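Residue numbers (our numbering), protein chains in the order written: chain A, 112 to 212; chain B, 23 to 340.
Since the hints were made in silico from the structure, they are not lab data. One thing to keep in mind: the hints can contain errors.
Some chain A residues near chain B, calculated using beta-carbon distances under 10 Å [claimed, not checked]: (1) P128; (2) V131; (3) V151; (4) P154; (5) A157; (6) L158; (7) D160; (8) M166; (9) R170; (10) Q174.
Since we're looking at a predicted model, the values are computed, not measured. We put the beta carbon where it would ideally sit given N, CA and C, even for glycine.
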Amino acid sequence: MTLCHRSMAAGSPGPTPLEVFDVFAASGRRAAAITHLGSVPAPNRALADIYVRRMFARRHEQQTLWLVPRVDDAHWSLERIRLRRAPCENTASSQLGDRES
Amino acid sequence: MDSSTGCNARVDQGETAQRTEEFVRYLRAGGLVEVDDWMPSGYRRSLVRFIELHAHSEYMGALLEREWLSRAPTLARKLALAAKVQDEIGHAQLLFRLLADLDRPTEDALEDLVHGRSKYHWFFHYRAETWADTGIIAWLSDTAASIAQADLATGSYAPYRRALAKICWEERFHITHGHDIIRTLCEGTAEQRQMAQSALDRWWPRLLAFNGPPTPRERDPNITDWCIKRLSNEEMRQRFLSKTVRQIQALGLHIADPNLAHDAATGRWKYTEPDWDLLQTFKLGHGPETRAWLALRAEARSKNGWVLETLSRARTIP
Chain A
112 MTLCHRSMAA GSPGPTPLEV FDVFAASGRR AAAITHLGSV PAPNRALADI
162 YVRRMFARRH EQQTLWLVPR VDDAHWSLER IRLRRAPCEN TASSQLGDRE
212 S
Chain B
23 MDSSTGCNAR VDQGETAQRT EEFVRYLRAG GLVEVDDWMP SGYRRSLVRF
73 IELHAHSEYM GALLEREWLS RAPTLARKLA LAAKVQDEIG HAQLLFRLLA
123 DLDRPTEDAL EDLVHGRSKY HWFFHYRAET WADTGIIAWL SDTAASIAQA
173 DLATGSYAPY RRALAKICWE ERFHITHGHD IIRTLCEGTA EQRQMAQSAL
223 DRWWPRLLAF NGPPTPRERD PNITDWCIKR LSNEEMRQRF LSKTVRQIQA
273 LGLHIADPNL AHDAATGRWK YTEPDWDLLQ TFKLGHGPET RAWLALRAEA
323 RSKNGWVLET LSRARTIP
């Protein structure tokens, strides 16, 4: 049984590695802000969809969810944009991001 | 980095004392850290240790209530309890994903757990003996947990904060669910009131220990340097007592601690000190039910492995 295992990288024998899907939502009072809710490992998009609905919207707490297959680091930049645009969260964070990028 | 592993954490390159100091200053000023930011290895280790203990506690804690799913007194209670157990497992899943992104694969964490190499909270090394125990656990341990989690949700690691927002939201219904179970018992027959009282007597000393030993703030690097948490364990316990003692008494229940009193002069609660040395041994695998719970987990992992194996072949299904 494997959810996220380095030894199951592409090319190794055994079952197909699970893909990671990142989950984003625009919800609540700050409807304009897109937030990274988390991620799920799943074999394909259809199963990821079911998993994400159970994990993040079982009580209809989210109206819209975005599911993004994780291919590279690009998904994190969305979260950075949010942090940069919301100085009340923490302005210092964007400073670190600037220095690192 | 292999994107298929979901392990995004950067290797801690270029770590120097000066850079770490700068990082700590940044955290103390309220700075937030994302998974792909540079972080000192000490910060990463503390995060992994902390979040892993939390993940395992959610995962193992669900077992105590799961045992009562088939014995819940009404269909409504059964549905509510099933939803709560599902929530707790969901919390563990969220947290395991955070660990995977910090380069701690879920599989390794679960292997370490079932082989007793990884700790989980001592509170969950017991068994829920009666239906009232599930009420006390849901009401009071989730109150203690939500005090800790609301504090952690203001910590320095942004992905953990976001996961905690969901966790805290769900813990709020759990508290209401547990309180409702105990209130119903307290309004019932003498036997039902006695069941609630006995459960409280059993769990109170454990609840008092829930937030951990009274380590001084200055000796907890998670507070002083890494800003993963802000309140000390004792501050959390004081909040727990302020929140719950009067609620418990309002239901006509008695807290069997002769030393429990609110000192108006200092504004603090006094209580009988828990046996910290004994509780530390639980984490090392010597709790009353530790073996049974870990065996159950190991068995479930081997029995349910086929589900994941089947799913992992689903990619080929059109």
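(request) Run the structure past the numbered hints and jot down the numbers of the failing ones, going up. (result) 7 and 10
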